[in-house]
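S.K.: Quick note, the sequences are listed as chains A and B, same order. Start counting the first sequence at 1; every next residue gets the next number (my numbering). Start counting the second sequence at 1001; every next residue gets the next number (my numbering).
Calculated from the structure, these hints are not laboratory results. Beta carbons are placed, not taken as given, at the ideal position from N, Cα and C, and that holds for glycine. Hints are not guaranteed to be accurate.
Covered stretches of chain B (in silico footprint by chain A; criterion: 3 or more residues with CB under 8 Å from a CB of chain A, positions within the stretch not fixed) [what the hints assert, rightly or not]:
1) 1008 to 1022
2) 1044 to 1053
When the alpha-carbon atoms are kept at most 20 Å apart in a straight line, the in silico DMTMM-like pairs for lysine to aspartate or glutamate are as follows [claimed, not checked]:
3) A:K22 / A:E39
4) A:K23 / B:D1041
5) A:K23 / A:E39
6) A:K75 / A:E156
7) A:K213 / B:D1016
8) B:K1170 / A:E156
9) A:K221 / A:D210
10) A:K61 / B:D1041
11) B:K1169 / A:E8
12) A:K22 / B:E1165
13) A:K61 / A:E41
14) B:K1178 / A:E8
15) A:K61 / B:E1131
16) B:K1178 / A:E5
17) A:K7 / B:E1174
18) B:K1029 / A:E244
19) B:K1169 / A:E39
20) B:K1164 / A:D19
21) A:K22 / A:E8
22) B:K1178 / B:E1131
23) A:K44 / B:E1007
24) B:K1178 / A:D210
25) A:K75 / B:E1051
26) B:K1164 / A:E17
27) A:K23 / A:E8
28) A:K7 / B:E1184
29) A:K44 / B:E1184
30) B:K1153 / A:D19
31) B:K1153 / A:E8
32) B:K1170 / A:E8
33) A:K178 / B:E1007
34) A:K31 / A:D49
35) A:K213 / B:D1005
36) A:K213 / B:E1150
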Amino acid sequence: MNHNECKELIPFYLYEELDTEKKRVFEDHIKSCTDCAGELESYKNLFADISEDSKSSIDPKLLLEARLELRVFLKAQKNKISYSNNIKDYFASFFYKPVGLAVSGFSLLLIGLFIGYMVFNSPLVNEIKTNYTKSDPIRIQNINFIDSDPSDGEVEFTFETVQSDRMKGNVNDSELQKILTYAVLNEQNPGTRLNSINVINANQTQKPDDEIKSTLITVAKFDNNPGVRIEALKSLNKLPADEEIKNTLIYVLLNDTSAGIRIEAINGLVDASKTGISLNQKDLISLRDKIQTENNNYIRYQAKNIIKEY
Amino acid sequence: MALTDNELIINANNGDVMALEELIYRYDKMVLRLAMKYTGDSDDAKDIYQEVFIRVYKNLSRFQFKSEFSTWLFRITSNVCISFKRKYNKQNHLSLNDEDNSGYISTIPDDDVLSPENLFVNSEHGVKINEALNNLSPNQKMSFLLKHYEGYKIREIAEMMNCKEGTIKKYLFEAVRKLKTQLENSY
């Protein structure tokens, strides 16, 4: 191997992208060539330099902003394709075909039979677990013009169709839980997010639902309202501690700007330690760093106590 | 037990909004970090983030399950980043040279946007690395970021960027060589 070949392989050697044979030849050459060995050293320094920069992490605020903007877009997209249009288009496609007309007539007959069966065969009195009603008329809101110029005879706009629904039921009902979990993540009003967390929390006992846990984790980390974040954290602290919850507590401890929330996080970590959740080397380093930068005495004190255990 | 990416894709394609969100949240930090490193500007990074996930949302039903979702996602990300940079450079170039540049003037970032405080870096050292990265071609930069910061194998990067492995090696080698020259000169 000559010097040029060797120098060309240096980045790939450092990235561990050489096959065994090439690596052996490369290392043999480095051992016998001070020039190339020096070049390897300078690349190692460069890589160390650049890698130092890679430690910077994403600003959680930026991530939250990006997520919220995306959510707004996705909501708008979904509203563009309304269910009513789909159903209308589906039936409209039958009208000009005689066979289609027969099929749609038969379908209507089947639907009628099905409804009749459901009405007359269901028990009239039953324990109503969840009462879900769609009574209010559809409302139109958030009209946004794409083309508001009427001069060519056409305009174009998007809008949202909203129908108020009502649900009453047991807090353990899975459908009810699913809707509230969605609200925790998507509802704009922080008060509603808080109420939803409280209801979800009432249901979480020894065996938490994975979806709910993951929602609570996202909210504890990224919700823009501190009141909602702390409620989510409190709910997480009530669940049986595990690795995922521990990592969330550490993340909140290191990143949240509110001292009250960081206190909740450190308390959660203390409790988690008592239940046998252990901290790894990286966690301990993060805690040590936190002690240096944290200005709240209680948090520093508790962090020291946790470290002492190891 | 957590669902796999493929299970989440199937659920998302069946209209499960939570599945789509979970899928996005699994990878969106990586996408945003990559976009941030690529552009050095938080607003541009957010634009790329939006564009990537809008494309994911619109094309998820066409995902063939032939590759990992992450590979597909980073292919979209690298396409969006590279075309974003090209568009940006082209518009910037036009705005500086055309007599009538009023249509492009808004694309020129003002000084405040380019100030170190607004970059992804929080040190002088980081600023120098960002400047050096900005002097790489879009393909060189993307290959380098995927390799160095995200740790993908050359084979995987080739799949993401729809190139041959040899091409990625060339981009990577040139990127590292240029960074070395520029950073050595800056100290």
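S.K.: Hints first: check each against the structure and report whether it holds.
M.R.: Consistency of the hints with the structure:
| no. | hint | result |
| --- | --- | --- |
| 1 | 1008 to 1022 | holds (count 5) |
| 2 | 1044 to 1053 | holds (count 5) |
| 3 | A:K22 / A:E39 | 18 Å, holds |
| 4 | A:K23 / B:D1041 | 39 Å, violated |
| 5 | A:K23 / A:E39 | 16 Å, holds |
| 6 | A:K75 / A:E156 | 18 Å, holds |
| 7 | A:K213 / B:D1016 | 18 Å, holds |
| 8 | B:K1170 / A:E156 | 49 Å, violated |
| 9 | A:K221 / A:D210 | 17 Å, holds |
| 10 | A:K61 / B:D1041 | 14 Å, holds |
| 11 | B:K1169 / A:E8 | 10 Å, holds |
| 12 | A:K22 / B:E1165 | 17 Å, holds |
| 13 | A:K61 / A:E41 | 39 Å, violated |
| 14 | B:K1178 / A:E8 | 13 Å, holds |
| 15 | A:K61 / B:E1131 | 24 Å, violated |
| 16 | B:K1178 / A:E5 | 18 Å, holds |
| 17 | A:K7 / B:E1174 | 12 Å, holds |
| 18 | B:K1029 / A:E244 | 17 Å, holds |
| 19 | B:K1169 / A:E39 | 19 Å, holds |
| 20 | B:K1164 / A:D19 | 18 Å, holds |
| 21 | A:K22 / A:E8 | 12 Å, holds |
| 22 | B:K1178 / B:E1131 | 12 Å, holds |
| 23 | A:K44 / B:E1007 | 42 Å, violated |
| 24 | B:K1178 / A:D210 | 47 Å, violated |
| 25 | A:K75 / B:E1051 | 15 Å, holds |
| 26 | B:K1164 / A:E17 | 15 Å, holds |
| 27 | A:K23 / A:E8 | 13 Å, holds |
| 28 | A:K7 / B:E1184 | 17 Å, holds |
| 29 | A:K44 / B:E1184 | 13 Å, holds |
| 30 | B:K1153 / A:D19 | 13 Å, holds |
| 31 | B:K1153 / A:E8 | 18 Å, holds |
| 32 | B:K1170 / A:E8 | 10 Å, holds |
| 33 | A:K178 / B:E1007 | 18 Å, holds |
| 34 | A:K31 / A:D49 | 24 Å, violated |
| 35 | A:K213 / B:D1005 | 18 Å, holds |
| 36 | A:K213 / B:E1150 | 28 Å, violated |
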